[in-house]
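Heads up: the sequence lines are chains A and B, in that order. Heads up: the first sequence is residues 1 to 183, going by the working numbering. Heads up: the second sequence is residues 1 to 477, going by the working numbering.
Please note that the accuracy of each hint is not assured.
[As the list claims (entries may be wrong)] Computed list of lysine-lysine pairs in DSS-like fashion (alpha-carbon distance at most 25 Å, straight line):
{"hint": "1", "chain 1": "B", "residue 1": "K310", "chain 2": "A", "residue 2": "K72"}
{"hint": "2", "chain 1": "A", "residue 1": "K72", "chain 2": "B", "residue 2": "K207"}
{"hint": "3", "chain 1": "A", "residue 1": "K142", "chain 2": "B", "residue 2": "K427"}
{"hint": "4", "chain 1": "A", "residue 1": "K72", "chain 2": "B", "residue 2": "K133"}
{"hint": "5", "chain 1": "B", "residue 1": "K210", "chain 2": "B", "residue 2": "K133"}
{"hint": "6", "chain 1": "B", "residue 1": "K427", "chain 2": "A", "residue 2": "K72"}
{"hint": "7", "chain 1": "B", "residue 1": "K207", "chain 2": "A", "residue 2": "K142"}
{"hint": "8", "chain 1": "A", "residue 1": "K142", "chain 2": "B", "residue 2": "K157"}
{"hint": "9", "chain 1": "B", "residue 1": "K207", "chain 2": "B", "residue 2": "K157"}
[Stated by the list, open to error] Footprint (simulated), chain A over chain B, 3 or more residues, beta carbon under 8 Å:
{"hint": "10", "segment": "102-113"}
{"hint": "11", "segment": "246-258"}
{"hint": "12", "segment": "425-434"}
If you are wondering where the hints come from, they were derived from the structure by calculation, not from laboratory data. The C-beta atom is built at its ideal place from N, Cα and C for all residues, glycine as well.
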Amino acid sequence: MLSRRTILQSSLAGGIVVGLVGLAAFANFYPKPDRDEELTGWRRIAWPFPRDAFPAGRAWKRDDTEVFVRPKLGFCGNCETGVVEDSEVDRVTDIDLFDAQFTPMREGRRVQITDLAGRARIYHIKRDGRRRLAQGIAVSHKCDLVVAVVVGNVTDDAVAKAAHRFLETNTVQVWINALLEGR
Amino acid sequence: MKRHVWLSVGLSFLAMGAAAQQQKVGDPPEASNMKLIGWSDLQARSAYQPTIHKQGERWIAYIGHHGGTDDVPTPLNPMTGQAEPNGTSIVDVTDPAAPKYLRHIPGAPGKYEDGGAQMVRVCDGSVLPKGDKSAVYMLRSFGGQAHEIWDVADPSKPVLITRLDGLRDTHKSWWECDTGVAFLVGGAKDWRAKRMTQLYDLSDPAKPVKIRDFGLVGQEPGATGAVPTDLHGPISTGPQGNRVYFGYGTNKGGFVQIIDREKLLKGAPEPTPENLRSPEIGRLVMSAWNGAHTTFPMLQMPIAEFANDKEGKTRDIVMIVDEAILNECNEPRQMVWFADVSIENRPMMISSWTVPEASGNFCQRGGRFGAHSSNESMAPVFYKKMAFIAWFNAGVRALDVRDPYHPREVGYFIPGITDKTDKRCVKVDGKDRCKTAIQTNNVETDERGYVYIVDRANTGMHILELGGEARQVAGLK
Chain A
1 MLSRRTILQS SLAGGIVVGL VGLAAFANFY PKPDRDEELT GWRRIAWPFP
51 RDAFPAGRAW KRDDTEVFVR PKLGFCGNCE TGVVEDSEVD RVTDIDLFDA
101 QFTPMREGRR VQITDLAGRA RIYHIKRDGR RRLAQGIAVS HKCDLVVAVV
151 VGNVTDDAVA KAAHRFLETN TVQVWINALL EGR
Chain B
1 MKRHVWLSVG LSFLAMGAAA QQQKVGDPPE ASNMKLIGWS DLQARSAYQP
51 TIHKQGERWI AYIGHHGGTD DVPTPLNPMT GQAEPNGTSI VDVTDPAAPK
101 YLRHIPGAPG KYEDGGAQMV RVCDGSVLPK GDKSAVYMLR SFGGQAHEIW
151 DVADPSKPVL ITRLDGLRDT HKSWWECDTG VAFLVGGAKD WRAKRMTQLY
201 DLSDPAKPVK IRDFGLVGQE PGATGAVPTD LHGPISTGPQ GNRVYFGYGT
251 NKGGFVQIID REKLLKGAPE PTPENLRSPE IGRLVMSAWN GAHTTFPMLQ
301 MPIAEFANDK EGKTRDIVMI VDEAILNECN EPRQMVWFAD VSIENRPMMI
351 SSWTVPEASG NFCQRGGRFG AHSSNESMAP VFYKKMAFIA WFNAGVRALD
401 VRDPYHPREV GYFIPGITDK TDKRCVKVDG KDRCKTAIQT NNVETDERGY
451 VYIVDRANTG MHILELGGEA RQVAGLK
């Protein structure tokens with residue numbers, strides 16, 4: 001039979017451990033903003049999707065705009081030409097994770113994020129019951145893809161450009177390059 | 001100090017162990033119950049599908065090639081003295097100990113999967129319903145853009161008969177010789193998949209007739225929303241079996257689709273969601289971590305363990321082979337799966353098999369480690385008894401599949417590398433770190449019981465025969 005004191009001490013210790021684990025998890029999901037995040041106002045948010053074929057990506061939010069990014073290693077359909085067709089953007093970006101019934105708003109266009117080229121397309125999606133706009137972006141490096149989805153008022157050029165500029169910051173690029181170069 | 005010495009010695013042994021597993025030119029092959037009989041260098045071209053065909057008293061191997069490499073985009077053909085884009089190798093293997101290279105038909109310019117002519121199937125004109133009885137027809141892909149049919153009755157002098165142009169990303173086709181129906185894999189105009197099926201009547205190879213386009217709902221022109229995984233390849237059981245097993249995916253998001261062949265061929269051809277759904281009988285969804293390169297049906301298999309059961313003594317089995325695509329184990333393991341599809345609308349995975357990685361430190365050897373493809377011959381010599389799986393740097397693996405609930409390995413062969421074997425690289429600290437290892441890509445068998453394996457990294461074709469337990473399982477004398 002455990003004494004009341006032992007039970008109390010054990011409970012206290014357990015509580016401290018749970019608290020520390022929670023704090024660590026919180027810190028992991030919401031790490032301290034780095035220099036670029038401080039300057040641009042983008043704040044890290046949790047990757048909201050369940051595990052699938054690719055490792056989880058990273059996500060950021062600023063005002064009403066969210067950016068979700070992840071590399072998909074070895075997934076480019078054509079290692080020589082890269083992403084050149086809208087159907088490829090439909091297929092490879094994570095737009096279906098937001099809404100499997102997404103509909104393209106118009107034809108896509110060529111896009112370049114740092115030295116990686118590819119294609120971007122704007123879609124209508126439904127998210128949390130709201131009709132939203134989202135831009136799917138797929139750029140490639142040889143056989144590897146980097147995909148991003150920008151959710152927000154992406155028909156406004158300033159909003160889309162700000163998101164693209166953020167994708168080019170060290171915050172995103174250092175992480176992406178480490179993954180691309182580490183394979 | 002003493003502790004440091006022992007640590008150093010230990011680490012040295014570990015390093016030597018890993019290094020010992022790396023292949024060097026001149027090292028002998030590694031083998032169990034499989035023996036090398038003959039070899040052709042295939043002009044050091046990266047090889048994909050081999051098909052072995054009996055023509056009169058001769059046995060001819062047709063080998064499809066991927067495009068050239070960055071280092072050698074158009075290898076030299078010593079027979080012509082010309083540098084030629086990789087295409088199709090034709091090799092006389094009547095005497096498997098002395099294969100004779102007959103001809104290289106150049107393929108499409110382009111490197112890796114953008115060029116070459118990787119796929120090949122062969123049908124006799126005497127079997128095709130409307131073929132020239134004296135002809136032997138070879139169907140091959142041509143880069144990503146076309147499929148071609150050649151008359152190879154004289155395999156040293158192939159003659160082009162037909163070209164089906166305007167395609168994209170052609171891949172692993174299937175051709176029923178007794179009906180002429182061909183399931184050509186590629187992309188059709190306006191479809192959202194780069195690889196789906198275009199069905200053709202090739203009963204008269206000189207006059208191809210399109211039957212229909214087929215794919216998954218969501219891949220058809222004009223569809224919106226999520227796009228299902230691309231097709232890899234189908235295998236049909238013909239009019240008797242009336243089933244086609246389609247494998248989707250490569251190393252991710254795979255599934256097997258079971259199709260009523262009759263409904264597929266005779267159904268309304270317009271690619272509406274309803275028409276595309278109509279011939280589907282069942283679908284087996286795989287893990288997001290695995291894809292289906294080959295879906296090999298083994299129907300009506302008697303299962304010894306179930307012999308005394310009132311129902312279910314025999315089972316319809318589909319062997320599913322994933323494709324590893326990343327070097328040095330940078331992905332979830334790609335392997336072999338066995339599905340019981342007896343109840344077609346409730347297919348169920350019943351077993352899996354993989355090469356034990358530690359048995360050869362394969363993740364450290366270089367190149368890909370994992371499954372890619374199986375033999376597809378349904379000749380009685382091996383059918384429903386043994387399956388041969390190409391496993392990249394682990395060579396070919398011979399499985400006893402008589403009890404598909406418990407497949408087991410009874411032999412393997414890992415060829416030695418040559419000075420032509422191409423390197424495979426990964427990035428380490430931003431720089432290429434390259435290793436050279438065998439990359440057994442595809443495998444096929446002939447009716448005599450020989451096993452043909454071909455290498456993706458330019459090491460050629462190895463012709464093998466079985467020994468020991470593997471020979472017993474196959475029932476070979």
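For each hint, the structure was consulted:
1. B:K310 - A:K72: Given pair B:K310, A:K72 is violated - Cα atoms ~49 Å apart, limit 25 Å.
2. A:K72 - B:K207: Violated. A:K72 to B:K207 sits at ~42 Å, over the 25 Å cutoff.
3. A:K142 - B:K427: holds (13 Å)
4. A:K72 - B:K133: violated (50 Å)
5. B:K210 - B:K133: Holds, at roughly 23 Å.
6. B:K427 - A:K72: Measuring from Cα to Cα gives roughly 16 Å; hence the hint holds.
7. B:K207 - A:K142: Given pair B:K207, A:K142 is violated - Cα atoms ~39 Å apart, limit 25 Å.
8. A:K142 - B:K157: violated (38 Å)
9. B:K207 - B:K157: holds (21 Å)
10. 102-113: holds (count 4)
11. 246-258: That given contact holds, which follows from 3 residues of the segment 246-258 of chain B lying within Cβ reach (below 8 Å) of chain A.
12. 425-434: holds (count 5)
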